[in-house]
Each structure stands twice: as C-alpha cells, then as structure tokens.
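**Student:** These protein sequences, in sequence, are chains A and B.
Note that our numbering numbers the first sequence so that position 59 is 59, with each residue one more than the last.
Note that our numbering numbers the second sequence so that position 284 is 284, with each residue one more than the last.
Any given hint might turn out to be false.
As the list claims (entries may be wrong) - Partial list, derived from the structure: chain A residues whose beta carbon lies under 7 Å from chain B:
id, residue
1, 188
2, 189
3, 190
4, 214
5, 215
6, 218
Stated by the list, open to error - Below are the DSBU-like pairs computed for lysine-lysine, each with C-alpha atoms no more than 30 Å apart in a straight line:
id, chain 1, residue 1, chain 2, residue 2
7, A, 188, B, 307
8, A, 191, B, 307
9, B, 31, A, 176
10, A, 176, A, 161
11, B, 31, A, 188
12, A, 135, A, 160
13, B, 31, A, 191
14, B, 194, A, 188
15, B, 20, A, 191
16, B, 163, A, 176
17, A, 176, B, 307
18, B, 143, B, 235
19, B, 20, A, 176
20, A, 188, B, 163
21, B, 163, B, 208
22, A, 176, B, 143
23, B, 208, A, 188
24, A, 257, A, 135
25, B, 20, A, 188
26, A, 223, B, 163
27, B, 194, A, 223
28, A, 191, B, 194
29, A, 188, B, 235
Calculated from the structure, these hints are not laboratory results.
All values reported here derive from a predicted model rather than from experimental measurement.
Ideal placement from N, C-alpha and C gives every residue a C-beta, glycine not left out.
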Amino acid sequence: MRHGHLIILWLLTDMILFIGLFVLAYFLRVGFIFSTDFPFDRFLTTTLLITPLWLSALISTRTFALMRRQTSIRNGLHIAFCAVIGTALFALTYYFLHGAFFSRLLLVQALLLTWGIIWMWHMLFSHVLHYVLRKTNTFPVLVVGVTRESMRLIDLLQKKKSPLKPVAILDGRGVKERDIHGVPVKGKLNKLEDVLQEDHITHLIQCSDLEQTINLLSACRNKGITYMNLPSLLGIVERDERVDRLEGQPVTIVSPKDKWWKWPFQ
Amino acid sequence: MQYLILAGGFATRLWPLTEKRAKPLLPLAGKPVITHIVEKLPQDANIHVLTNAAYTESFRQWRLFLPKRDITIHTEHTRSDDEKLGALGAVAQWITAKTILEDLVLLTGDNYYGFAMKDFLQQYEQGVPLLAAYDIGNTEAAKQFGTVLLKADQKTIAAFEEKPTEPKTTLISTGCSIVPKAYLSELTAFAAEKPDNIGGLFTHFVEKDIPIHCFRFTEPWFDIGSFSAYLNATKMLVGDTTKIADTALVSDAECEHTVVVGERTRVRQSACDNVVIFDNCTIESCVLRDCVIDNNCTLRGIDLTGKMLREGTELIAPS
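Looking at chain B on its own, in the form it has when it is part of the complex (with noise of 0.2 Å):
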C-alpha cells in the first residue's frame, strides 16, 4: 500500500499566511498540519508527498524533521495556480509516472484527523474503495459540504450531495480515501477529463456502480481552507488554554481562551483572546484578538481584531 498525500495547491485563500508557505506546513497546535497526517500513519508506511515546484524545498526541509519516517517528496511541475494540472491531473500524473501497482491511501494535505488510521485501514476491504465520512452532528452545518448517502447496510454509499440545500444526512466526504489498485486505471482515465475534480471520482465510481465503503467517524476534522477554518481547528485541538514555546517570553500579560506563542517571540504587557503568534514576532502593549501573525512581525501599541498578518508586518504606533 502507498500512502499520497496531496500538497500541490497555492492555498490563495489563506494569504498571506500561505505567502512563502504550503498550506499543509501551517503550523497547527505546534507542528505542521501535515505533520499531524504523517504520525497517524503506521511507521512502516511508504509516504509520498505531491506538491508544486514552488514549494518542493520547503516541504525537503520539513522531511528533515521526520528522518524515522519513509517520505518521498515529488514536484509537479508548476509554479502558479495558472498552470496546476489539478489535483486529480498531478495524482494520475504521478500514477503513470512512477508505475504504481499497489493500493493507494490519498490524503488531502491541508485536512486535519482526529481518528486512528489503524481503524480506517481495519475497515478496508481488499479491492473496494473506502472514503473517510465525517458525521458532523447536525444538517445546518453539512449544508456547507459534499453529503455522503449510504445505502441500508449503512456501509456501501449510494450517492453523494454536493453542499444539499436540505441534507439528508450529516456524513460529509473528507479528503481520506483508498483506492485499491484494480481501479487506479480508472481513476487516471477520469483525471484525463476532469483533472480538478478529486471529489467528483467517487461520484463517477458510483456512476459506475463500483462499491464504495464508508469509514465514518465522529473524531474531529477540519478542512484548513480558510482564516476562520485555521482559528477554530487550532481552538479546538489547543482548548481554553495557553501553548508557549519554549523559547518563547510571555510576560505581564492578558491571555484568554486560545493562545499559541511561537518560538522566540516576546509577547510583553498584551491582552490575548484566541491569538496564534508564529516564530520570531515581538508584541509589546497590544490588544489582539482573533488573530494570526505570521513570523517575525513586531507590534507595538496597537490593537487588532480578526486580522491575519504577513510576515515581517512592523506595526508600532507613535507613543
């Protein structure tokens, strides 16, 4: 079995955070989301990260902090969100590109899960397809996804709804799926006509009245696909509390709800109220709120409420 983790997208919708980094390297709770995806992986798993030239170094660098695991990391040749093959496109690509006959784990990147793999493997069935579906508790919220229908056995989904007007269920899809190698020349002939529909795969499979299982789980999960998603992931995996690195300073300050203080940052006589402060920031006499500052921002008087700041943003205000 190989495991694919998908890497490739330009995430414009978190800029400025995503402005010199890939959206599964965001840091979440103190460590890379993509790195939460790789240590639910078993140990021995063959791990193959696909992302874009743009971002093929800086994923090399996050490997070095992996060295116990078996990561490969492979480029599609794209620079710009003009020229991306598509997610599906760039999983064909690298399908036919490096011959793949086994099973394959795909792994939206920029997802975050809260369940044991262990449990999703458990449940797969030699040569049929299995989807991760996330039972988010209520219709109102999955009107904002794919819905997942299941048939009576409750394991085999019978079709799926794109974002309902009046769901029918509380599955939605997630990016979590396994495609047995019986079907990947399927999958790579259905790349070839919609490259950038991924979800719309297992739509086709039940076109084709190929079976699909569905894993459901009630754990949590986040896709990070924007500022709001990022802020309440990282409240909900952080709690009520605050994280500080060790190389952090935190002094006479306010911290309420969920804060997370980079490494060597100074937050200094500061009100915090569910505020993520990357590496190397220094905030001095600063009233934040549903906040993200990017690296090595200085702030000094100001206060700000649900803002994302770029990195090296110098905010001081004339005392």
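One chain only, chain A, in its complex shape (with noise of 0.2 Å):
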C-alpha cells in the first residue's frame, strides 16, 4: 500500500473516530437512549459540521508527517490543542444553530476523549503505517559518511523500525567495513549516482563528507531526492541545537545552557 493511501485511511479514521467520540460523549452524558429533551440529531448534524474544521486545524500542526514521532510529549500537546479548538468550535456552531448548549461536562468529556483516545489512535496508527511502509521499503535511504553519529542513527531507524529504511552507505573517503549494522558500504562518493538509481533512493542522509554538501544537495535536486544531514556534520554533537526562524530565515540554533523556564523566550 502506498503512502499516500496509507494517509488517506488514516485522515478517514480520524474523522470517523472524531465523531464516534463525541457520539460516545453524548451517550456517556445523556444515557444509551435517545432524548427528546437533548435531541441527537442537531448534536449529530453540529459534530459533522465541525469534523472538517477539527481535522484541517489538525493537519496544520504536521501530526501526520512521516517523520513526526506521535508517542512526543510535543505530539500529545498539538493533538490536545486540536480537541480544544474541536470542543470550542462545536460549543460555538451548536451556538449559533441551536441557542444555549444542554451540557458543560459533555463538552469536558467530548474533549478528552478526542484528546486521549485520538493521540492513542495516532500512536497506533502510525506504528502499522511505519511496519507497512518499511515492509514495502517505500523509503530507501543512502546514508553518506561512516562515521560513530552515522552509526548510532543506522541503529535507531532499525530499532524504531523507521519507515525510513537504509539501504546503502557511501563514505568519501572509504572504509574498511563492509556492513554496518546490515547495511552494505557500497564505496566512495564515485558511485552516487549508480546507487541512487539502482537502490531507488528516496531520502539522503548526510552524515560527514561536509565539503561535498552542495555536490549531494545538487544531486538530490536532480533526482527528487529529499535531502537531509544530521548536526554532528556541522561539529553540533550535544543535542541542543534547534532550527528555527531569524527574521523568516531559517537558522540553526545552539544557545548558552540557561534557566528551563528561559527555554520558550531564547
């Protein structure tokens, strides 16, 4: 199955289970009847109205891109702030339509569980899109440059089981190893261009070999290959950096150790 089938599944899992909680916040609320005194049909037609609202503001906070890691603390936060606007939206369409709404707890409990119950799907879901994705091998990766950092990044794609699979490793200047972790080192850089096209190289990962960056960036702009390289090639090896914006300019980032609470003013 292909990715962008894969993303379609699960925007229309998403929706459903957006409605089917709010659905089950009604029934939880109001008892497995239907009520003449809350009538389920406006409750119904106000929930579908917002469903799109909900799954657009959901779509901006990038939850869905390959790479985002959905068990994040960051994640979890972009999934709650979706289930508050989802809430509001519904509180204000119903508003609108319908005059005062008939219960302040149902909107509690439609925010939670569109907060837990779809950060749970989420986590779930993208466990099965990674499994199929790297089954299928959707994303072959050459990894450029042997180096610790380059080995450390081949294992934990491994270990997390990463769509993102490496299938190639190329180093400047050569090595002795002809496998790390598994994956065969294939040469020197002189064999680019025969590895992106027989091993059908999707994502580049630069990880040393920094005088040959514009030559691999030009090489994946030719190809359609989505290029990436990992801080340690610019000599960031502690994790603190953070790329970020400098009047719209994007910047990479390494600030003084400083207060935590300083972090979301620096």
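Using the hints, put the two chains back together into the complex; each one sits in its own frame.
**Tutor:** Structural data, given as structure tokens:
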C-alpha cells in the first residue's frame, strides 16, 4: 500500500473516530437512549459540520508527517490543542444554530475523549504505517559517511522500525567495513549516481564529508530526493541545537545553557 | 619502443569532477591532462592508453582530437573500483595479451610532466630500466612522497623510501619510467604477486640487484590526485592571469590570480580568485574563491570558497 493511500485512510479514520467520540460523549452524558429533551440529530449535525475544521487544524500541526514521533509530548500537546479547538467550535456552532448547549460536562467529556483516544489512535496507526512502509521498502535511504553518529542513526532507525530504511552507505574517503548494522557500505562517493538509481533512493542523510554538501544537494535536487543532514556534520554533537527562523530566515541555533523556564523565550 | 599511458583509475578522491570523466581527461590549463602527456611524446610514437570499460568511450572521443597521433585505446574489463585488476596487473595483462616484445615506456595518465621527453629518452641506456625522479627542492615537501636514493655515481638508484619521516634526499619518484623488454617477464611475474603496486616494481628490481638509472628533472611535475593538487597545477601552469576560452564571455568581473573560463561559459558581475570554470556555465553576481566548477553549472548570487561543484549544479540565491 502506498504512503498516500495510508494517509487518506488515516485521515478518514480520524474523522470517523472524532465523530464517534463525540457521539460516545453524548451517550455517556445522556444515557444510551435518544432523548427528546437533548435532541441527538442536532448534536450529530453540529459534530458533522465541525469535523472538517477540526481535521484541518490537526493537519496544520503536521501530526501526520512521516517523521513525526507520535509518542512525543509535543505531538500530544498538538492533538490536545486541536481537541480544544474542536470542542470550542462545537460549542460555538451549536450556539449559533440552536441556542445554548444543554450540557457543559458533555463538552469536557468530548474534549478529553478526542484528546486521549485520538492520541492513542495516532500512536497505533503510526505503528501500522511504519510497519507497512518498512515492509514494502517505500523510503530507501542512502547514508553518506561512516561515523559513530551515522552508526547510531542507522541503529536507531532500525530499532524504531522507521519507515525510512537505510539500504546503502557511501563514504567519501572509503572505509574497511563492509556493512554497518547489516546495511552494505557500497564504496566511495563516485558510486553516488549508481546507488541513487539502483536502490531507488528517496532520502539521503549526510553524516560526513561536509565539503561535498553542495554536490550531494545538487544530486538530490536533480533526482527529486529528500536531503537531510545530521547536526554532527557541523560539529554539533551535544544534541542541544534547534532549527528556528531569524526574521523568516531558517537558522540552526545552539544557545548557551540557561534556566529551563527561559527556554520558550530564547 | 611502445608507450603505455595508464588511465584505468576511478579517481575517487577527485569526486565529483571525475564523476563522469577519467582523471587523465580532466582539463588542465585548457586541455586534458593526457593531451599534455601525448604532446610531449615523439610524433611517431606508438601510444597505448589502458583504461577501464567505464571510460573507454570517453577516451575514444578524446582520441578524435589528436588525429595525427598513433593512439590505441585498450580496455581492461572492469567497471568499478572493486573489480580493478590493479595498475600493474592491468599492465601485465596487456603485455601478455598483446605479446609485447619491445621496451616499454610507462606513464601514469594523471601526472603532468614538465620535462622534455627527448631528454628522458636520450638518457635511456639499452636494457637498463630508467625512472624519472623529480627534484622537489626541499626535504619537508619530500616527506609526502616516495623518495629515490642514488648511488655514488649519482645515476644509479640505490634504494627507495616511502614517505620517509626524515628524507635523505629531495628526489621523488614519478609515474614515468622505461622497462626494457628483457624485464617484461619480471614485471608480469611481480604483477601476479602484487597487482596494485606499480611503484613496488622498481623496489623489486633494486632487491634483485637489477640496476636502475634515474632521470633527474626540476621542471614542473604534478600528480593530479586531489582537489588541491589540481588547483595548484592549474595555478602553476596558467600563472597569475585569466585564461578565457574563445567562446566564453566575461563581463563586469573582477578576476584575481589564476582564473580559467571554459567554452561557452558566461561570467557576469562576479569576483573570481583562483577559480577554474569548465564549459557551458553561467556565473552571475557570485564571489568565488579557490573553486572548480564543472560543466553546465548555473550559479547566481552566491559566495563559495574551496568547493568543487559537480556537473549540472544549480545554485540560485533568491534575490
């Protein structure tokens, strides 16, 4: 199954789940009956109306991105943020269409459900997505450079069963090793074109040979390959860097260590 | 006498300039390195170029530019570095396959030799191997190379030292030599043991008490093995000047030290300092220093220092 199909399936299941969780919140609050005092059809219509808006908000957080780690706190907060937006939109829409809403507790329940369950579902689906993409070798990766950092990266991608699957390694200076964690070292950079073509590379991760960055980028651009590099390429090995924007210009930042509470303002 | 130019290497250290061309075909001061070699050889010389399957066609195309020379291209059937026979192994295979029964001049195709070939050939005594040794001038520089120690007669080689920490001489061995026909069988036997050790052949001769003569020279010599060596060779040959091809267009540009501009290349509103730009490139509003730019590159509004750019690179900074 292709990545695009899986993403569509993920979006559809998210929509169904969001609607389902709102319905569940209704029944949990009202009881498992269709109450005439608290009309279900109005509730459902409002939910259906706000679902695409909630999904748009979720998409904008890049939670569906290939490299997003679903278990991260940041991702959980993004989903929570969207749950708040979804609940707020529901309350607002219901108010405009039908007047005051009948239960504040229902809103709280819907908020918690659409945060917790959607987050769990994302973790589960991303696991399935990674498994399928890895099995079908959808994103073969070329690693450039044999360094301790690149060895760690390959190990990490394998352990985490990342959809980005290293299939070949090249090194500018040549190394004795024939493979790194089972990934073949195919030679020096003079084999770049052959490897890109033969292994159908979709992603290239540069871990050394800084002087060749322009040439690797050029090869990636020509062939429609995604280029990435490790911060260690620039000598940043303490994992305290972040990528940000300076007046709209992307920059890699390493700030001096400071009080934790200053972090959001650096 | 037969002349064999070794051009079978895959030149991995000069990537990406050698991504699509063999190292001897790299342009050096306006023409390929190998053309510099051929032009020094006698007009009636039987020249053989030994290359690999990946580069054979390029050498065939190159030969068309030298129609008056007797050049034969031979292919060792390897397509990658892993399959290589080794330089000496390839020579031995060629000697056996072609049943060579004449004295053999061996030349490595990625070397630039500044001396006159007739002087080298004049020093050859029938039946005595001859090796060209460059006097690099100071012992510090000699540490990076294999040095040649001479006997008291200052003509016969006594020993070789590979990258000595305390060089006893400033003479370094180069890739130009003559192996007399009497020693071709010795060459093939040695190649069977050490197919990739072409330099070791002469050490082997010394060990077997085979006298070797040394041809000393002080004219420029370059082993084009790395980016810096290539740029240095260009600087030495071109000098502090700008060499612009007839079909190139350079306008409103500041050129300092050595600048070489290839065919149909356009350089506009840029500053270049020690830069070699190959053919069909467009350079606009750039600052380039110590760079080699391969064919068909387009650069606009960028600053680069110490870079080799692969063919077809496009770097266009947003205005």
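**Student:** With the threshold set at 30 Å, check whether the alpha-carbon distance from residue 188 of chain A to residue 307 of chain B stays at or below it.
**Tutor:** Roughly 18 Å separates the two Cα atoms, so the pair holds.
**Student:** Are residue 191 of chain A and residue 307 of chain B close enough, with their CA atoms no more than 30 Å apart?
**Tutor:** Satisfied, since the Cα-Cα distance of roughly 20 Å is no more than 30 Å.
**Student:** Against the 30 Å threshold, does the CA-CA distance of residue 176 of chain A and residue 307 of chain B hold or violate the hint?
**Tutor:** holds (27 Å)
**Student:** Please work out if residue 191 of chain A and residue 194 of chain B have their alpha carbons no farther apart than 30 Å.
**Tutor:** Roughly 26 Å separates the two Cα atoms, so the pair holds.
**Student:** Classify the hint on residue 189 of chain A as holds or violated, based on whether any CB of chain B lies nearer than 7 Å to its CB.
**Tutor:** Since chain B brings a Cβ to about 5 Å from residue 189 of chain A, closer than 7 Å, the hint holds.
**Student:** Take the C-alpha atoms of residue 20 of chain B and residue 188 of chain A, compute the straight-line distance between them, and say whether it is at most 30 Å.
**Tutor:** Within the cut-off at roughly 14 Å; holds.
**Student:** Is the hint on residue 218 of chain A kept, meaning its closest Cβ partner in chain B is under 7 Å away?
**Tutor:** Nearest chain B Cβ about 4 Å off; hint holds.
**Student:** Take a quick look at whether residue 176 of chain A and residue 143 of chain B sit within 30 Å of each other, Cα to Cα.
**Tutor:** holds (26 Å)
**Student:** Holds or violated: residue 31 of chain B and residue 188 of chain A, Cα atoms, limit 30 Å.
**Tutor:** holds (27 Å)
**Student:** Is residue 20 of chain B within 30 Å of residue 191 of chain A, Cα to Cα?
**Tutor:** holds (11 Å)
**Student:** Below or equal to 30 Å on CA atoms is what counts here, so check residue 163 of chain B against residue 208 of chain B.
**Tutor:** This hinted pair holds, its Cα atoms lying about 22 Å apart.
**Student:** Starting from residue 257 of chain A, check that the Cα of residue 135 of chain A is at most 30 Å away, please.
**Tutor:** Not satisfied, since the Cα-Cα distance of roughly 41 Å exceeds 30 Å.
Violation of the numbered hints given earlier is confined to hints 9, 23, 24, 26, 27; the remaining hints are satisfied by the structure.
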